[in-house]
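When you get a sec, could you build the whole thing from the sequences and use the hints?
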Amino acid sequence: MIGLLGRSLVLLSLLAASAGTVLAFAGALRRDPAVLAWARRLAYVFALGMLGANLAMEAGLLAHDFSIQYVAQVGSRSSPTWVTIVSLWSALEGSILFWGVVLGGYVAWAVWWTRDRHPEVTPWMLVSLLACCVFFAFLIAGPAHPFAEVPNPPADGPGPNALLQNHILMVLHPPMLYLGYVGMTVPFALACGGLVAGQLGPELLRSLRVSLLVSWVFLTIGIVLGGWWAYEVLGWGGYWAWDPVENASLLPWLTATAALHSILVVERKGILKGWTLTLILATFLLTILGTFMTRSGVFNSVHAFTQSDIGPTFLVFLGIGLLASIFLLAAGIGRLEAEGAIQDAKSREAAFLVNNLLFVMLTLTVLLGTVFPLIVEAVQGRQISVGEPYFNRMAVPLGVALLFLMGIGPALPWGKASPRQVRDALLPPLASGLLLLGIGLLLGARSGWLLVALVAGGYALHVTTAQMLLPVLRKARGGSAAEGFRLLLGKGRRRFGSYVAHLGVVLVLMAVGISTAGRKTIDVTLEKGSAVRLGDYTLTFEGAHEVREPHRISTVARVRVDEGGRTLGTLEPRLNQYRTMREAVGTPAVHSTLREDVYLSLMRLAPDGQSIGLRAFLNPAVVWIWLGAGVIVLGAALALWPSRRLATSTARTLPRKEEEEATPRLEVGA
Amino acid sequence: MSASAKKTRIFAVVALAVAGAAFALIAVGGLGENLVYYWGPTELRQAGDKAIGATIRLGGKVVEGTVRYDPKTTHLAFEVTDGKERVPVRSLGVPPQMFREGIGVIVEGTMTREGHFQSERLMVSHGNEYRAPTEGEEVDVEALIRSADAAADTR
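From first to last, the protein sequence lines are chains X and H. Position 358 of the first sequence, counting from 1, maps to 590 under the numbering used here, and the rest follow consecutively. Position 55 of the second sequence, counting from 1, maps to 719 under the numbering used here, and the rest follow consecutively.
Please keep in mind that the hints were generated in silico from the structure rather than gathered at the bench. On a predicted model such as this, the values are computed, not experimentally measured, just so you know. Warning: the hint list may mix true and false statements.
Derived DSSO-like pairs: lysine-lysine, alpha-carbon spacing no greater than 30 Å straight-line [unchecked claim]:
#1 Lys671(H) with Lys648(X)
#2 Lys648(X) with Lys748(H)
#3 Lys670(H) with Lys578(X)
#4 Lys648(X) with Lys752(X)
Take a look at the structure:
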């Protein structure tokens with residue numbers, strides 16, 4: 233019953249999206265508002281159909297209806313309810329269905345939100361959006377087909393992959409990542425619309441910026457939660473391993489970040505229009521490439537992925553998207569006239585350009601390292617992978633350069649700058665850079681790249697803080713600091729928010745550098761009652777016990793952590809034996825402080841419970857990665873939050889001017 | 665466009681091209697130096713001296729009766745086989761709970777001049793697809809290594 237309902241709803245969505253695409257296309261060609269209105273309605277129908285199909289699948293999962301293919305694949309009567317609910321995105325077919333509802337949500341939002349905006353662009357945006365909907369509805373109705381009927385339903389299923397039910401973050405991480413991935417469809421469709429209409433006006437720029445930033449925030453959260461999940465679950469003491477799955481999420485993030493910056497240059501100077509749209513198109517294509525790479529099993533084998541139709545379908549969609557993007561760019565880019573030029577290499581717009589080049593280089597590096605093994609295997613049949621040292625060697629210098637640029641760019645004025653202005657803007661932050669270097673050296677930092685990163689980080693912190701508080705300082709000079717603070721959260725909030733986000737990025741990058749360079753690890757066998765030293769800490773194995781749950785049996789080791797005679801607590805790393813898996817899956821235990829994390833992984837436990845094999849890590853500053861990510865999200869939210877004073881009508885008539893006021897120029901030596 | 669602007673533009677394009685080419689060279693060079701080869705014991709033996717210093721993922725079955733593990737020092741030594749060739753492996757560190765004789769493992773590390781494989785990372789085959797080979801059965805090294813990748817991919 234539920235299966236039939238689900239299948240019908242998916243077909244309804246497919247029909248609505250297909251008919252909607254045709255109508256939107258006809259309506260856009262003939263500029264017929266009545267036809268376009270129908271296309272809009274069909275977009276809402278698609279969204280509702282997808283929502284219904286997802287609810288049907290949830291109902292099937294909760295009812296343990298094993299006559300539905302996907303439920304039979306990931307469901308299990310012994311799973312806790314929360315695991316059953318999140319099983320929707322625990323395997324390929326379900327996650328594509330989930331993609332459908334997220335897409336539906338974004339499409340409905342975009343259609344509603346742009347109903348009165350940029351009338352030349354919106355119809356073509358609608359065409360692009362609905363075309364993407366057709367693809368995903370087709371994917372769900374055909375190749376993925378989670379609602380397929382199982383002829384002889386089993387009495388019980390295996391449950392989802394044990395690693396996925398091992399941590400509560402699995403509830404949050406995939407939806408966030410999907411909200412980030414799928415959301416990139418909206419700026420993509422807007423960019424397509426802009427190219428067809430041959431315009432990139434202030435109103436369209438605003439739509440592009442907002443939709444891109446929304447998805448960017450979710451993608452950022454998704455990536456960080458992925459790292460956090462890996463840290464809390466996988467037990468190897470780290471959060472990032474340049475794994476293809478991680479890279480796939482990083483690639484669109486890099487191009488989207490570049491685009492967020494180049495949009496600023498378009499707004500301000502009317503240049504880099506075609507480039508910005510190219511970045512937005514590339515971002516969308518990278519999300520599709522990433523999904524293809526991580527979701528089609530292509531990394532397990534280039535040849536195995538054809539066993540399911542999902543991989544090839546994605547590849548075809550990617551090909552069509554790529555061709556369409558190239559065609560639209562070739563046809564439309566000439567009509568986007570630059571309204572100026574970069575006149576000075578010492579200007580802020582030049583720094584933005586360098587920022588963009590660095591982001592693109594980083595993207596290409598990661599893309600090359602990620603795709604190369606696939607190409608080698610497809611061409612030569614040899615199996616290889618690209619080692620972490622490649623990524624580190626390439627990404628560390630580029631990352632440090634970007635960090636440094638976060639200090640240089642905002643310090644430079646727009647337009648032309650005199651040598652004296654430049655000197656006065658760029659020299660003082662160097663003191664903060666050197667100060668941070670000194671602190672680092674005192675605390676024992678020795679690794680070369682870390683030291684460079686400390687200087688760059690201190691520099692960027694100085695400039696970011698100064699820029700962030702600039703309006704306050706200026707008003708304070710006029711006697712009213714309070715007014716300055718009001719400005720930060722009022723008119724200047726977008727600017728303030730982006731510097732808060734910068735602050736978060738500096739924190740994350742510094743924490744990544746410090747935790748990587750300062751990591752200590754030991755492997756040790758501990759008898760009951762014996763202890764080992766790790767840095768300033770003493771780890772004592774106090775004993776082990778067993779915890780039985782319906783779906784798993786866990787053996788828990790109790791390890792007491794002392795620091796200088798003071799007991800900090802007992803950590804309980806464990807090994808979980810899932811009923812449905814052959815081997816045990818560990819769960820590490822972490823004691824986090826702002827300074828460092830004590831991270832324990834239980835490797836093995838003697839059958840009598842009298843001794844354990846323990847892998848212990850001392851990871852400095854890791855907490856700051858999660859905190860920094862929170863600061864980034866806060867900053868982006870500040871910049872995004874719709875403000876009453878920036879109501880659409882005024883934003884439409886006075887977009888440039890508003891920004892000028894809200895963004896005080898840096899007046900050096902004034 | 666004035667003559668000087670044209671000149672600037674040409675200069676910019678040439679500079680970008682040179683920078684791009686240099687970057688590509690560095691990237692491709694870095695790629696070549698940091699490849700990880702997925703080999704079984706037979707391929708490792710065939711590679712001969714090429715295996716020394718290269719990063720290799722070696723997959724195979726742990727040979728019965730070859731495991732020496734000292735819990736005090738966490739020194740571990742064993743041999744892996746694909747049914748044809750054998751390679752002695754040494755590693756430092758506590759092996760995972762599932763590690764035992766006869767099980768499929770993947771070790772990442774390199775071949776030393778002394779003739780043993782020095783492992784930096786030891787993985788027991790993961791996932792439900794791979795099944796430990798029964799006695800006397802030939803080991804499907806490729807499937808084994810893939811199963812370890814699949815485990816990593818669940819992230």
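For each hint, the structure was consulted:
1. This hinted pair checks out: Lys671(H) and Lys648(X) have alpha carbons roughly 20 Å apart, not beyond 30 Å.
2. Taking the CA atoms of Lys648(X) and Lys748(H), the gap is near 72 Å; set against the 30 Å cutoff, the hint is violated.
3. Annotation: proposed proximity of Lys670(H) to Lys578(X) holds, straight-line Cα distance about 20 Å (limit 30 Å).
4. Taken as a hint, the Lys648(X) and Lys752(X) pair is broken in the structure, with Cα atoms around 49 Å apart against an allowance of 30 Å.
In summary, the numbered hints that this structure violates are 2 and 4.
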